[in-house]
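Participant: Sequence:
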Amino acid sequence: MPELPEVEVVRRGLARWLRGRTITAVEVLDPRSIRRHALGTEDFIGNLENSTVLDVVRRGKFLWMPLRSEEPLGEAARGEVMPRVALMAHLGMSGQLLMQDPAVPDEKHLKVRLHLSSSDGMPAQLRFVDQRIFGGLFVTSLVPTSDRGPGGQGETPLPEIAEEASHIARDPLDPHFSFDDFYRKVRARKTGLKRALLDQGVISGIGNIYADEALWRARLHYAKPTDTLKRADAVRLIDAAKEVMRDALAAGGTSFDSLYVNVNGASGYFARSLDAYGRAGEPCRRCSAVGLPGVIRREQFMNRSSHTCPVCQPKPRNGRW
DNA sequence: AACGCGACCTGCGAGC
DNA sequence: TGCTCGCAGGTCGCGT
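Going from the first sequence to our numbering is simple: count from 1 and add 1292.
Mixed in with the good hints, there may be bad ones.
What the hints assert, rightly or not - Within a straight-line C-alpha distance of at most 27 Å, the following computed DSSO-like cross-link-like pairs (lysine-lysine) qualify:
hint, residue 1, residue 2
1, 1607, 1477
2, 1534, 1482
3, 1534, 1522
4, 1477, 1522
5, 1534, 1607
6, 1522, 1607
7, 1522, 1482
8, 1482, 1400
9, 1477, 1400
As the list claims (entries may be wrong) - Distance ranges between label pairs, derived from CB positions:
hint, residue 1, residue 2, range
10, 1412, 1577, 47 to 55 Å
11, 1522, 1317, 49 to 57 Å
12, 1493, 1317, 36 to 44 Å
13, 1519, 1539, 27 to 35 Å
14, 1517, 1333, 24 to 32 Å
15, 1597, 1335, 38 to 46 Å
It should be emphasised that the hints constitute simulated quantities derived from the structure, not laboratory data. All residues carry an ideal CB built from backbone N, CA and C; glycine is no exception.
Build the full structure now, drawing on both the sequences and the hints.
Facilitator: Next up, the structure:
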């Protein structure tokens, strides 16, 4: 499934092929994939046709493309400020954004097809393929950011953010990510540490897998109370999150040159490099290296699986540590 | 405010 | 062999 590093791989790939291209036609093959576009299919298409993609920007797992309308301004619109809009994408569990040549047969789960203005040697279609339909596309407004920084990571950073992504915090790979902001928000919460990590308003881009991995690397238990979290523990946790994401990004980066921007590009990383997630019943690598008997345990938490080593990530006692 | 849970989906593997 | 069932995941929204 696409996690933040995979989405960043997709962003970089798309930016390379899409910047400056004009959307000439749009086909919505399954309206469920644009259900977050409240005004329906026709409005969705109308907003995209004859628009030019200015950039591809990401915050957390949200990806958006600021658009410039190519329609000549009418008499009525002259002098008015055109609302800035963007095509928003979320890959959900199984979404893919593929640059594709028209000759390539439709993918089994092809949901939306964008036809692009021709450009030398560049594929003429952007396809949104999604098996489980947790992801989707919609058109949204761009709004000013609440701080001075850019809305997200892109080639030409703008001080604007897609409205639907404006409520989420910066992610650990964001150059403007602030540890102090994160720590302040965490301490203000009264909950377990993993719940805060998965709260996109506290820190974005961390899903179930990376939460377990970051906690394992930082030797912290998922239920550790946030309101008493020590600064040093928070530093270790954020460092671990950055590290595991950068490792994954490096692994997924091998497909940067591919024409086919594919979220499955990093799947190999998961099979090899995870220390906690999916390793229930297997020895903890850190413990076994020093002769300790830790075995990764899988528990239900937040209706999700959580993977911990009971030896090096001990459970907090009495709600305190 | 915190938190649990259902809804949204489909493919896959386990178990019968 | 073929069926059912549970599970996986991110996000949103509702009820407590």
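Participant: Compare the structure with each hint and give your call.
Facilitator: Structure-based check of each hint:
1. 1607 x 1477: Judged against 27 Å, a Cα distance of about 23 Å means the pair holds.
2. 1534 x 1482: holds (24 Å)
3. 1534 x 1522: With Cα atoms ~19 Å apart, residue 1534 and residue 1522 stay inside 27 Å; holds.
4. 1477 x 1522: Holds: residue 1477 and residue 1522 sit about 13 Å apart, inside 27 Å.
5. 1534 x 1607: holds (24 Å)
6. 1522 x 1607: Holds - the C-alpha atoms of residue 1607 and residue 1522 are around 16 Å apart, at most 27 Å.
7. 1522 x 1482: holds (14 Å)
8. 1482 x 1400: violated (45 Å)
9. 1477 x 1400: violated (43 Å)
10. 1412 x 1577: 47 to 55 Å: For residue 1577 against residue 1412, whose Cβ atoms are near 49 Å apart, the range 47 to 55 Å holds.
11. 1522 x 1317: 49 to 57 Å: holds (56 Å)
12. 1493 x 1317: 36 to 44 Å: holds (37 Å)
13. 1519 x 1539: 27 to 35 Å: holds (31 Å)
14. 1517 x 1333: 24 to 32 Å: violated (47 Å)
15. 1597 x 1335: 38 to 46 Å: Check passed, 39 Å falls within 38 to 46 Å.
Of the numbered hints stated above, those contradicted by the structure are hints 8, 9 and 14, listed in ascending order.
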